[in-house]
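Novice: Residue numbers (our numbering), protein chains in the order written: chain A, 1 to 297; chain B, 1 to 297.
The hints are simulated quantities; they were obtained by calculation from the structure and are not laboratory data.
Mixed in with the good hints, there may be bad ones.
Identical chains blur together in the list; that is why a pair holds if it fits in one copy or across any two.
What the hints assert, rightly or not - Heads up, simulated DSBU-like pairs for lysine-lysine below, C-alpha to C-alpha not over 35 angstroms straight-line:
| no. | residue 1 | residue 2 |
| --- | --- | --- |
| 1 | LYS134 | LYS264 |
| 2 | LYS159 | LYS258 |
| 3 | LYS129 | LYS258 |
| 4 | LYS260 | LYS106 |
| 5 | LYS239 | LYS154 |
Computed from a predicted structure; not experimentally measured.
Number of protein chains: 2
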Amino acid sequence: MVPFRLYRHLIPQLAAAARSPSAPKAAASCAPRRIPPLPALAMAAYGTGVCADSKLLFRQLFEKESSTYTYLLADVGDPEKPAVLIDPVDRTVDRDLNLIKELGLKLIYAMNTHVHADHVTGTGLIKTKLPGAKSVISKASGAKADQSVEHGDKIYFGKLFLEVRATPGHTAGCVTYVTGDSPDQPSPRMAFTGDALIIRACGRTDFQGGSSDQLYQSVHSQIFTLPKDTLLYPAHDYKGFTVTTVEEEVAYNARLSKDKETFKTIMENLNLSYPKMIDVAVPANMVCGFQDPPSKV
Amino acid sequence: MVPFRLYRHLIPQLAAAARSPSAPKAAASCAPRRIPPLPALAMAAYGTGVCADSKLLFRQLFEKESSTYTYLLADVGDPEKPAVLIDPVDRTVDRDLNLIKELGLKLIYAMNTHVHADHVTGTGLIKTKLPGAKSVISKASGAKADQSVEHGDKIYFGKLFLEVRATPGHTAGCVTYVTGDSPDQPSPRMAFTGDALIIRACGRTDFQGGSSDQLYQSVHSQIFTLPKDTLLYPAHDYKGFTVTTVEEEVAYNARLSKDKETFKTIMENLNLSYPKMIDVAVPANMVCGFQDPPSKV
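Bound-form chain A, shown alone (with noise of 0.2 angstroms):
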């Protein structure tokens, strides 16, 4: 069994990306900036090639009908080949763990973004038919799990981990799971941002203790600060994109590359209506990280 190793600090690249000359100044405080566009030949980063010699396994996995993406991360260099699930949904619950078999991984963590409301979270399947998964959610979403975290832990799987950033604004609880930076650790790096960020776009902030001041301050002091190749990777894509780069959503994204004042306009009159599967998959989300195996119930 790999130990769960949880390091409680603040992140350091978030200061060393202050610093940095590419890095706006504002960014660190998490003031309000305008984000000029770029001219699309200047662009420098981009994703996303593949690379002989990483330790990392690594598997995009979508369901149709939320159009949500499951990330399965493993550290094939670990002989027990240790791996992660991040947002997996209860109806591709027995694909994904058949992938898992098939690789030969071992599942230790079933990881949630936040508190979705479009879908029920595979976590609590997965701990019945895998009870040495554990379920992992933030502090701040108040949601049970076997592991709650919060903004700086790092989640290790092998000697690979992701680090917890807050990215409030969707919802109270919303986390962005980050790769390290060192070098033992995958390049480019990659951010798992839930909704607080989706291609183009970011998530609704009507409900579940949404703001969208809190959503646009998350956004451009945690994820828009991270190295400009940073390979972004949602929840949801409904338009059959994959994968965007900290660059282009700095250049591009619809409502976060304007000012604060404008994005709350925006998301102020989107006039979404209400999410059908709410009131079912909010109460379960609640709760089901923290579903006991069969076997202890």
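Given the structure of chain A, go ahead and fit chain B onto it with the hints provided.
Specialist: This is chain B only, laid out in the frame that chain A set:
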């Protein structure tokens, strides 16, 4: 304008693969062979880590209605950032061209792995919107295009290239596009298999000159002989998978991991319904790669 460089010669990797101890000797001669399943924990070939110094920009794009993957590849080490699109779909052309514009790429080829029966290719529409782009399809398909390619051709975009491997069986004109294996090409290699191989399955073989016997030989001689960590990207997926590897498919493909006779029996008993789009898609796809821009019509 990046010149079209097309070299017709045999692919040395095929001979090398046949000589390699890891490649079964029968593979090079296309003889049927049984692939023993690998124990899960022995699997060494994984994807898809990311790499900082790759000059390949790679994006996987999804069209939900036909569950089609379109692939964007570009050489971002080249000042012009020449790009190719593999298997574009008519319904998502605007999305794809907008992304190409945002990323500052220059689309030089819109390529098809075969004449699709389930959707209309985006090639013709791309040519009307971007007259500089050339359409590419195999000569064996019988379809019209600016460039007709054959087994062994290399299609360059900047310093990167795709080899053409003939993989008939789903249709008589199917090809697989494979990245090169020299040190300046992406590693691990990537193969865009069209419908010859889809994740854990394959395309049907009961129309358009299909042959289960031929498909089995194509996949075993042209795809399963690639290095086991080669990333395989299909034209479709219906279960939410995005990528697989040679090693995984040799072990776990529900059809192609079987012996040839079993495979043929499976393919003869699929009892699939007539494709709803075939009578629209095939006639359109036979000619639209050659559709001239409006100014020339």
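Novice: Out of the numbered hints, which ones does the structure contradict?
Specialist: Violated hints (numbers, rising): 1 and 2; every other hint is consistent with the structure.
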